[in-house]
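Visitor: Sequences listed follow chains A and B, in order. Each residue of the first sequence is one higher than the last, beginning at 12 in the numbering used here. Each residue of the second sequence is one higher than the last, beginning at 377 in the numbering used here.
Hints should not be assumed to be uniformly reliable.
Below are the DSS-like pairs computed for lysine-lysine, each with C-alpha atoms no more than 30 Å apart in a straight line [stated by the list, open to error]:
1. A:186 with A:167
2. B:450 with A:115
3. A:186 with B:450
4. A:188 with B:450
5. A:91 with A:45
6. A:19 with A:278
7. B:450 with A:197
8. A:167 with A:115
9. A:133 with A:19
10. A:167 with A:133
11. A:20 with A:188
12. B:450 with A:45
13. A:157 with A:71
14. A:71 with B:410
15. A:45 with A:157
16. A:278 with A:317
17. A:148 with A:136
18. A:148 with A:20
The hints are simulated quantities; they were obtained by calculation from the structure and are not laboratory data. A quick note: this is a predicted structure, and the numbers were derived from the prediction, not measured.
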Amino acid sequence: MDGSNDLKKVAYYPGCALEGTGHAYNRSTKAVGKSLGLELVELENWNCCGAMEVKNVDPKIQTYLSARNLSIAEDMGFDKVMAPCNGCYHNLKKAEYDLANDPKSVEVNERISAKAGHDAYKPGKVETIHALDWIKKAVGEEELAKRVQNSLKGIKVANYYGCMYTRPRHIFPEKDKGPGTESTAKPHFMDDILAAAGAENVEFPLKTACCGGAHSLSDSDMSTKLVLNIIETAEACGAEVIATECPTCHTGLEMHQVRAEKVLGRKTNVKILYFTQLLGMALGLSASKVGVQENLSDSRAFLKEKGLG
Amino acid sequence: MTLQAPLDLDGAIALADAVAASAASDSAPLEAAKRLLGAGEVVLEAWVEAAGNVPTDEEVEGYRLLALHRQGAKGNPSFNACRETCRELVYLRNVVEMSLSEGDLAQARHHLMLEAHVLRHLGLFVGGKLHESGLGDFCCSSRPLHSADSTITN
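Excised from the complex, chain B in its bound form (with noise of 0.2 Å):
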């Protein structure tokens, strides 16, 4: 992979994209786990930004990833539905590592493949979260139905 690191939401989308479609072959997919990663860190930030406030540099459990997670959720606990997706990232991330210490190509493969996988699904969770407004909490995407915006309603 030779993408430069993504700079925005779609960007790191796209970098998802990219690299799903060419994990089977990619010849250095520990640079790819890695950079999906930051890819991940982008669109968190992109959230915490929208939230008006300035993404974390701290670390969670070793992770700036899981840190800006942590700060997305803090009083909206509905961001908490896309908590096990950005730890499954960290996660796939390590196995691809610990793969190629074994000496184990295709496995680090496919868990690059399903690392991408599971960062197009952040990007598009968080960019549907950013895309709607009013959310309620009974989930990641419901809104009160009697909001002065509601499109139910009005």
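Only chain A is shown next, with the shape it has when bound in the complex (with noise of 0.2 Å):
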């Protein structure tokens, strides 16, 4: 990914789950890039990626779900497919390499794609990045901050990036190479936007922890213990607010903390934001432009008290 000018018009593959659970991050994120003057081009009859139960029940199915998306940007004239969801982020990245290094993958990509009349995708054609990127390579901290109107100064936030944006580490050729570049170990992308924006980040070892999401139905129990101690750590670690960039990690984190109190007696104050409604507020969007209102966390008030939104 270099340069910055073919980032301001991207293709949109938003995801099953930005129309539904996660539509303040759909909101949030258009808002943003509206404001910073990006374009988001969403893509044309675009499916679901496969998420984990096709993935489950057959991963070169769940491969050609990705691909199609992948080929329809290809056919809209983009290089570049911006996927804010880390699932989606992780599956098409991962059928990006599938497709590059696993004969079978291909195979079964061709069959199914001259079965359903299209093109089969070739990798290489076209780069999928995720709402972090984009913004960071598009704009860059120093024109963020020069942008900001109300400064998240005196915020304190810990950032949660959840265990897929980063892993498998051999799935995201494009990090781990030196200044400039994110890093699968301390990912720093979320911070350094947010810290653009006046934020003040904490240290948080938890930064990549398993949330326990695809334990949400199965055990729930679990899930809420997990949870429950990446919350209570940000707390620990001085965090009035975690920010998130994944529509499963954000619910998950949301629905877990009110079960934590109701479960386990265990009360927790955090509020739980996406880092682009964090930083849609600090560029001047009111608190329902970049839907606070549609979040389970309740933030409006701490909100108002920090003079956001």
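Dock chain to chain to rebuild the complex, using the hints, since each chain is given by itself in its own frame.
Guide: Set out below in structure tokens:
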């Protein structure tokens, strides 16, 4: 990913979650993009990336489903597609990797693509980027800082990236390439962006720890314990807000924060907000414009107290 | 801290809870930090043994914990979901030592408390993995929906 101009207008793959529980992330991502003069063009007739459900039934079909979205981006004339959801981002990256390295995946992709009546996606045509890549590379911290109208100064933030943004490392060849690139061991793009908006990032040792997201239905108690530990650790680090960049992580943190209080009697006070919501408010957008009212975690009074929204 | 070294995974989590609660006034933070690191090894030993293997005594980058993680992840890439958690344990133990060498007891205690939280996470994560059977590769906790023991399809 080099040069910022070609990131001003990118293909947008919101994925299923951003049309449902993660709607506030969709809303705030679009609002931030518009505010920064960036353009998102949603993929036409996109489909589910295969998420974890299809992958567990047949990983090759999941590869096809993700590859079809990349194929649509290519047909629309884009060489970059932005996926804000960690699960989608991960799956599109994995499809790219598998199609470049696994002949069986190529064979299945070609067979199903022919059946579906479209050209099979060939690796190397479209690069998948995350919303963090998009904002950091297309705008940069210096420009962001200039555009801040309501500084996040005084707000202590723990940045939570979840486990799929950096794993497995081999599907993210652009990471760990030295200064300016993202780190898989200690990711920092969200920290960089929110620091540019004035936030005080706290040292947070569970940035990429598992939140038990996939356990949520099959073993809710385990998910609640994992999330509670993440939240309590953030509070022990002095955080008032946990910033998220994945709809699944975000929903999990919100739901299990409530459940921890109800089931385990452990009340926590940290607020959970998408990084795009924090950034949007710093850029002068209202709380409703970035969908704060759609969050389960009610942070409206807190934000008002901080002079935001 | 006068707690004995934990003998099992639950003991490791109990140690983490106890240290987290008392870290702010701990009189020997480095000893407690080392004990937490040892408890991390106990957690990973449980995972390695559950897979029918003998826990290694080797070290990676000077730490047995990291060697145990590498052993536990061999043939099971989903176990890499706790790789950074293990590295954080090592890092925080070292920060406790460094803080003390600089005479900063408050920083040492703060990082001891963080280390306890990280150990608790490792214990919960590995405990969850042990509890689940037939894990898939998508992430740490998924499993094939059509597996014979699936509670969804049965």
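Visitor: Checking each numbered hint in turn, tell me which of them this model violates, lowest number first.
Guide: 6, 8, 10, 12, 13 and 14
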